[in-house]
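Peer 1: Sequence:
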Amino acid sequence: MYTSTFLLAARKVASPVPGFYRSAPLLAGLWLALGVATQAQNPTVSSLSPTRNATNVARTADVVPRFTLNISSASAGNLRVFGSQLYGRRLGTLIGQGSSILLFNPAQDFAPGEVVSVSLPATMLSASNGSALSKHVYQFTAATGGTGRGRFADGSARTLAGQGTPHTLVLGDVDNDGHLDIVTAKNISGGNYGLLDIQRNNGNGTFSSWSSLMMNTEPAYLALGDVDADGDLDIVTPVGVGLNDGNGHFSVATGFWPFINGRRLRLGDVDADGDLDLLLVSAGRVQVGLNDGTGTFSPGALLTSGQYINSLEVGDLDNDGDLDILAGDGNSPQYNVLLNDGAATFTVGASLTMSGSAQDVVLGDVDADGDLDVVSAEYILSAGTSGLLGLRLNNGNATFGSHILLHSFNYTVHPREVRLGDIDADGDLDLMYMDGGINGISNVIHLKYNNGSGSFISGPDAFVGYNPYGPALGDVDNDGDLDLVTPVDRTVTIRLNQPPTVTMPVTSLTPARNSVGVARNANLAVSFGQATASGTAPLAVFSSQRQGLRQGTAGGAGTATLTFDPTRDFMPGEPISVTVPGSIVSSDGTRTARPEVVQLRAAATGSGRGSFSGSLNLPMPGQARAVATADIDNDGDLDLLVSGAMPNGYNGVMVRLNNGDATFTSAPDISVDAAPSDIVVGDIDGDGDLDFIVANSSSNTLPIRLNNGNGTFTDGDRVFTFLEGHTLALGDMDADGDLDLLIGNKDRNTVSVRFNTGAGMFYGTMEVPTGAGPHHFTVGDVDNDGDLDIVTPNYDANTISVRLNDGLGMFSLTPDLPVGNQPEDVALGDLDGDRDLDLTVANAGSGTVSVLRNTGTGSFVAAGTVAVAPGLLRLALADLDADNDLDLLISGGTATGTTASTRLNDGSGNFSGAFSTPLGNSPTSLALGDLDNDGDIDVAAANTALFANTVSVRLNGGTLANKPATTAQQLQLYPNPARQQFTLRMPMAAGIESAQLLLLNGLGQQVQQQTVAISGRHLQAVVEVDGLPSGVYQLRLTVDGLEPIYRKVVVQ
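Take 5 as the starting number for the sequence shown in my numbering and just add one per residue.
FYI, nobody ran anything at the bench for these hints, they're computed from the structure.
Be a bit skeptical, because a hint or two may be false.
Claimed, not checked - In silico EDC-like pairs for lysine to aspartate or glutamate, Cα to Cα no more than 20 Å straight-line: (1) K452 / D810; (2) K1052 / E1028; (3) K1052 / D838.
For clarity, every value in this text was computed on a predicted model and none was experimentally measured.
Using the sequences plus the hints, can you model the full thing?
Peer 2: Here's what the structure looks like:
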């Protein structure tokens, strides 16, 4: 047996009593002199320091209880202090024996965020009459510090492989070296046994394999605690105890184990005798196991409560000096409060009714009033698969205030695990929770910051990988803050808590955000307000049709402007995405770039003017459901990928390689899952070639196929989703330099967001609510804040939903906007040349396209409609006539007669012309690109009608499709009023080379003259007014063949 001895601490003692002592010997002498006996039959606790349930106790704090009577010197040493993460029962210096004030000075500091338990047992006796102390147990939590503020960055991830599938994980210093190790309960596949796996901390948050302990059955749950009171942490599971030898080696305790079918378990001194007892859920009830002090447990009370107890917490709920029990019922919103009488006999307390059945519960003083509140993850049976996070504030006597909703979940995404800890080191308990994901698959842990009074605001998510179990918080890198460690599938993932970033915003972009007509050989430049560090991270440039993540020459590191010169030119008209990553660092190392995503479009050239010719309908072996254009074999021309269903039940992607002239050669088909309904192409794994993902309307997984660089593909990861997910998009939603995946779920009215690890694996279960029936969707930066937002047409509601991104992949819920009847498809682009993304919506029911102008902040105003043929509609925006603005291409009609119709933009977002070309029957997908390598934009359409089995290829010809003449009403002038400069923009008829600009003051005097060159049938000029006095001026623009155009300009 362990002999109770206290070791003198090397450090000096900080007295809890003002004006008291600076050294242990002096304190001991004066304490004995000051101790005064109080006349009472039994000594009781009169005050505690630290206080009960305190959440921000200094790690160097002493434990100082005061009593109503002097405590005898012989029995004072029975005071016990237990750490939950370091050393177990604490050794240290005890001062004040024989007095009414004891001070215990632990030999080692507490760990950040560690829960500490203090037992004052009845074996502590009165010095005057030998009467037993009215025993007392209380807990407190050590403070956190460091620089971490709850940003668990992907860059801090460390994954530890090991045998078996982890189920539960705890953190604790099992080898007594002062660092938190990882202990994981694992189930071994194919066997009726389990493994306790120990990973030893190297002291900096990196780990190495240490040892393992075999169990004769699966130890699904575990806890660490010093059950034999020998100064180290033992392992307790529902199937047995592993006793620590002090060096992290464990032996299984022998003898009969009296508990069966155990699940959740907790440790605590429930009978206040100075050792840690066991509480576990067994067969739906709470079983108490009483410790004899050596780690041997005998059955105590078997508490019947509720129908299906699946969550358990222990703490002093009624503030009476003993540990009570809170048990959550998985089948009922009625939670069970079991109040302790101090001798491990429990009675049912006041009713605690939540809104849903328990998935998990935690206790903590979230409102800083000294008592334990309840935070619960709840499943709402009456609402199918939705759930919520709830809070009940303790009144101090184990009765609770009304239910407070912290967060609600839609559809199958319900909360599973919840944790409390001071994540941001501000002295209060913050909240972390894990949701159940789709089909039980999750890979994200969410954070909510406490404001100190029990109100919470959302913080950044931590992405931890597929299928996580119970996460643990602890300072694994010894920097004073709480890190996150999570068992995930067959690994353990570590996320280190990072400090908040001070950002340096982008001051200019070249080309500008949302530019149309970017030169195909253009270089890219991003400028900041200060110099970047030498060797800083480059820009991430993604092409959608050639190469994916672009290779090229990065320049400017060490200056304020970073540049990128792509090795190969962009394809005509292709969308380009540029990520300014947060890993760009300032030269002094104090700031990082504010992450941004910028979208551009490469210029279209050639002789095509928006009229299409040709009658090529490529035969397919099965029904063509979706088509994409991409240079998959890296030979410089656009190939076709066609997803479809084969007549023999085979489902796959049909590959047609371009010969360079819009004729195609068949390549081997690629097998995928059942009923492919959409296909999206992009460089998913960031290796410089184009991969693809296919949506399956009859399967809850999405197959990924990774390009080998030559147009052949290997199987990648699989993405879990809803069964009916059938439309896809890629975009860097979290601005981390890789392409994330979005999935439209038309029957659940959501868009799912799955975040990329950077290697083509996806995690996260963000479900973004939309209006009813989102058949298709698109992404773009509609509010000009540097991140990608989501827009959906809602077929069943005749509305569109705009969901604004906060930059971290979280989306706002703004009111939906009315459009036409049965909106089927949507496209974003700068229609009027003002550098923000406008919106076009194809309304199948009304046979119209709604045009909505962006105000620049992500709000839209109606700007008219374009009449088209009614029926199934698909919509695309592209520069079809090579004049550097975006035109409309719409497919519509019936299963027996469908056309593609061109509407040309006048540069101001007004559309005219009605050139049409026949397509196959019922084209459900349009793909644009320069298929014949002549510089203009051609079209491919997948024809889905029964027995059609074709893809139509139509080439852009040289005939102008009814381009309207230039008019004075098409002149744009912005901003107006102007401060330093304003911009003129106006479409021009062919053959006009220049225009004359005059600026006149209020007296009619000429103050500025400028000749403006016409390029690409557009006039565009920047007029400098920085040196002019404030006032109203008149602009006169003279163009050959037109009357002079006048505009008022206000200069401020």
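Peer 1: Each of the hints needs a verdict: does it hold here or not?
Peer 2: Evaluated hints:
1. K452 / D810: Since the Cα atoms of K452 and D810 sit roughly 15 Å apart, the hinted pair holds (cutoff 20 Å).
2. K1052 / E1028: Answer holds: K1052 to E1028 is near 15 Å, not above 20 Å.
3. K1052 / D838: Within the cut-off at roughly 19 Å; holds.
This entry satisfies every hint, going by the numbered hints stated previously.
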